[in-house]
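**Q** Same order as they appear, the protein sequences are chains P and G. For reference, each letter of the first sequence is one residue, going 1 to 111 in this note's numbering. For reference, each letter of the second sequence is one residue, going 1 to 114 in this note's numbering.
I should point out that these hints are in silico values taken from the structure, not numbers from a laboratory. For each residue, glycine too, the CB sits at the ideal point set by N, CA and C. Don't take each hint at face value.
[Claimed, not checked] What follows is a list of derived Cβ distance ranges for each label pair:
hint : chain 1 : residue 1 : chain 2 : residue 2 : range
1    : G       : 67        : P       : 57        : 33 to 39 Å
2    : P       : 66        : G       : 73        : 40 to 46 Å
3    : G       : 62        : P       : 66        : 39 to 45 Å
4    : P       : 51        : G       : 10        : 34 to 40 Å
5    : P       : 58        : G       : 70        : 41 to 47 Å
6    : P       : 26        : G       : 60        : 18 to 24 Å
[To be verified] Below, a list of computed lysine to aspartate or glutamate pairs in the DMTMM-like style, where the Cα atoms sit at most 20 Å apart:
hint : chain 1 : residue 1 : chain 2 : residue 2
7    : P       : 9         : P       : 54
8    : P       : 73        : P       : 8
9    : P       : 108       : P       : 79
10   : P       : 65        : P       : 79
11   : P       : 9         : G       : 40
12   : P       : 57        : G       : 1
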Amino acid sequence: AQRVTQPEKLLSVFKGAPVELKCNYSYSGSPELFWYVQYSRQRLQLLLRHISRESIKGFTADLNKGETSFHLKKPFAQEEDSAMYYCALSGVTGGGNKLTFGTGTQLKVEL
Amino acid sequence: DSGVTQTPKHLITATGQRVTLRCSPRSGDLSVYWYQQSLDQGLQFLIQYYNGEERAKGNILERFSAQQFPDLHSELNLSSLELGDSALYFCASSVGPGTNQPQHFGDGTRLSIL
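From just these sequences and the hints, can you work out the full model?
**A** In structure tokens form, the structure reads like this:
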């Protein structure tokens, strides 16, 4: 079974403060993990994928297989970072694959 | 702009009715996925097609069906609609069917059942 856990429904930080959005996963195979961002219940935008190890909009995420985690981090939060963030695991199902999403964390950056 | 096009953006209809949601994948993408986003269930995978063939099924009700056409666009048909079907329906596409392929999402169709 595939499961993604995002323990925080809401994370409120001040502008300029560090941000860490937590994500833990459960998967028997080799995990492929992604972070998506959604502004005001609009389109889900791909933010990061673990395999690329790149930084987008200042965000980074490292896959820790020992802790089965894929936390999203940013050293200095900006107002425009306020959005809903979803961690997703891409896993095999049937003859294909699917994304299993966490419940999401609403990030609110306050001035 | 992700390159995935979904129509219509909004649909308002009544219980018992049938609707069709349409999705055009990004140019070059052969795999199409459908997801439902609701307040109580979150984001749930419905179904995947790859190059016209069904590849995987998730929590898709029997009242719902989908297909992918030779030009690779996909349609999701919802019938005998109930109040609980009100949700945002997203289509996503990827180049291939593998788990390492990032999925790119459309803007969604917001379905409201009155």
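**Q** Does each hint hold? Answer for all of them.
**A** These are the hints, each one checked on the structure:
no., hint, in the structure
1, G/67 - P/57: 33 to 39 Å, "holds, 37 Å"
2, P/66 - G/73: 40 to 46 Å, "holds, 43 Å"
3, G/62 - P/66: 39 to 45 Å, "holds, 42 Å"
4, P/51 - G/10: 34 to 40 Å, "holds, 36 Å"
5, P/58 - G/70: 41 to 47 Å, "holds, 43 Å"
6, P/26 - G/60: 18 to 24 Å, "holds, 23 Å"
7, P/9 - P/54, "violated, 26 Å"
8, P/73 - P/8, "holds, 14 Å"
9, P/108 - P/79, "holds, 8 Å"
10, P/65 - P/79, "violated, 32 Å"
11, P/9 - G/40, "holds, 13 Å"
12, P/57 - G/1, "holds, 17 Å"
When each numbered hint is compared with the structure, violations occur for hints 7 and 10.
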